[in-house]
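Participant: Taken in order, these protein sequences are the chains called S and U.
Taken in order, the first sequence gives residues 1 to 167; the numbers are from our numbering.
Taken in order, the second sequence gives residues 1001 to 1283; the numbers are from our numbering.
Calculated directly from the structure, the hints in this document are not laboratory data.
Incomplete in silico selection of chain S near chain U, CB under 7 Å:
| hint | residue |
| --- | --- |
| 1 | 17 |
| 2 | 43 |
| 3 | 47 |
| 4 | 60 |
| 5 | 61 |
| 6 | 70 |
| 7 | 125 |
Covered stretches of chain U (in silico footprint by chain S; criterion: 3 or more residues with CB under 8 Å from a CB of chain S, positions within the stretch not fixed):
| hint | region |
| --- | --- |
| 8 | 1177–1187 |
| 9 | 1192–1204 |
Residues on chain U that point at chain S, a partial pick, calculated with CB under 10 Å:
| hint | residue |
| --- | --- |
| 10 | 1018 |
| 11 | 1021 |
| 12 | 1023 |
| 13 | 1027 |
| 14 | 1032 |
| 15 | 1040 |
| 16 | 1130 |
| 17 | 1139 |
Backbone N, C-alpha and C fix where the C-beta goes; we use that ideal spot for every residue, glycine too.
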Amino acid sequence: MWFFYLILGLLLFFLQNLLPLPPPLHLDLLTLLMIFLSLRASPILAVAMAFFFGVMLDCYGLAPLGLQVGRLFLAVLGVKVLRRHLNFHYIVPQIVGVGLIMVAQGLFMALLLHLLLPTPVNYQPLLRQGLFQLTVTALSAPLVLALLGLLEKHWSRFFAIKSSLAD
Amino acid sequence: MNKKTGFTAWRRYQVPIILGISVLLIFTLISVSLRAPHPLKPLENICINLTAPLFNVVHQTGDALSRVWLGYFYLVGVQAENEHLKRQLQEIQNKEILFQETALEKERLRALLELKLQTALPVTGARVIGFDFSIWFKCAFLDKGQREGIEAGMPVINAAGVVGRVVEVYPDYAKVLLLIDRSSAVDAMVQRNRLRGILEGVGGNRCFLKYVEKNQDVQVGDVIVASGLGGAYPRGIILGRVVAVDKKVPGIFQEVEVDPGVDFTRLEEVLVVKTVQSVLNRQ
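Just chain U, with the same shape it has in the complex (with noise of 0.2 Å):
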């Protein structure tokens, strides 16, 4: 009788039980995990450590299976043809940025020292193995974590430009917040005539070039790189390239929107950049 009881008490009160249980859980879970050091670290590895290495091999599976698609019954030849033309047009492109860049650098004399200790840095390659591609955030995740000498705050690039940052190292894995985050900015400058501001992100596929007064020279068209102030990011390092300057915006400042190098939605491998900051603490 008394099980009944409680049976019929059960399914009266099921939805409320579950419902004070939960949200009391939740908001536990969140002011934890807003602690510094966070306590829910070991958490986060084990869910991480259990799934990741099966979203490598379904990453790896689908790869093979574009690849064997792609390459064998689709297009034989005329795709491995287009692969080629399109790196080598990518690469002349890099090539020409770069070299705009050194030439820049070379008229104002810079130290060459510092520059060969910029581009000399010593690099890790990784594999994307998932994203967060939600409207809230933008963040991917990499292959390769502390085991092979990542750390946070190291950028990651790749033959596009900039891709984002480190944010968080596990053994194995690595969380890199994307460029286009909006918790995302970089020191950036005008390739051109090295006008100076901040490159944020806005959650979109596009960034911003923040805090440009209205009467400095800004074009579209103009390749915006990384200043290297704050050591975060190695200097002329491509972000992007401005695709609209709106100067009619209320306040002192302009909007100057860039499309980054990048195409986020289609990032498979990568390099870790390991800084000059990282490389000195290791010596």
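Chain S with its partners taken away, still in its complex shape (with noise of 0.2 Å):
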């Protein structure tokens, strides 16, 4: 299945960098599946997956390398911590894993940036903007995260069948 991955992580990655949102309605497609992975794959295929699209993220940004993989991650490693208490079966418990990990994430993000921009962050419009993609971020996970399901199941569906015929 890392071959699927790989695919649909190309394909969100594609579309969030190809065709971006006004900034209010940023949805973070990559944090989603890295969260889908480690709910269905092997840690270690997740926590590969979290590097592969965290370098993509860090050279096609501006951020120094090793950043983005760090806030993607803290979305597998979030999972493995928060299943224990939450069940990622339901809506509501989806959403609000997804709303922690992203607090995790910013506050990653805000102390790493703190310690290596020379210049001062201000926090002001960053919170609002933080506040707003992680709401709609959070808000949209049942819906992605099914989307994301139901090709992974047409996937292997589709595979088991040229299998079968193979054989």
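Two independent chains are provided; combine them into the complex using the hints.
Facilitator: Next up, the structure:
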């Protein structure tokens, strides 16, 4: 399935980077993919994908290499920690879980940018935009996760049919 | 038996091992990439050279499909006419602003030769193939790089005004820091009364003209242009329009909110301006 996740990730990466919605409507698709991966795939695969797409985000962005890797890795780690307390199969825990993970990601980024950037960060607009992004991403999480699950199901069904025909 | 014990141990310590290695790797990556010169630039080059052509293909396919959809199936004649009228209107607006700028410059007897040098600079057309439009950073990726003579520091513009400045160059691609990024700062002035300030991005879709004292005259609707100081942007080029002025904020400076002329969410084609410095360097 790693190939499916790679294609899916690239597709979401293209979507996020080619069709930028107006700033308040920014939806963090790759974080949602990492959450999906941590729920469905092995921890090694989830971490490997977080590294791959984190490096991609860092290369195409202005962040020092490793910053986005850390942010996506936090999403994987967040699911591992939260799934003991939250049942990610239901809508409300999904929204709460994604919200908590994004808060952790925001704190991680703010802390590192505060330490790494030579100019001071103006947190007021950042906080407003961050809260808006968190709300949009958390509220759309059940739909996006369900869509990803559906795609995964169709992909495995399609390849199961193909391999059985080959046999 | 040993194999089985090893497997059980791996199962038990899998998460802490992965966590430890990942954290170590992340912090190594960050600390190494902060060094100058950037030792991980080759890794970035490989990643970009492998994926950017894909970006380009997807972008062009998307463009072609949307053109087919909009041009043939959806409002055939109206769309073309609308585009034509919009372009005409934008050209007239730009001409008017340019006219005002030239008239003001003549009034103050600016050196004509300098003006000519600034406006007759060579440009290179480029296509935007990707964005980092996260809340943390604002940058765009162009499909032209060192091979087309693009250098770091060159300003990037389009018909509506300044887009940003090239910050990193690869053989076939370039990274542009957008005007709205929080680390962008441009020496700017109000076109009407030549009042100077620093135009800074705040990360949203707005900028702020900073360090303008409260007793200075700035009005909503004023056009903000580049002052040309510092050599980063050609003088007189449009940066945006004032949308709000707040003099009630604490401190000696007023808060001047500027709406950049450029719609950053719809950037497609841009021009990279080869600045005076880069032209002289080449000569």
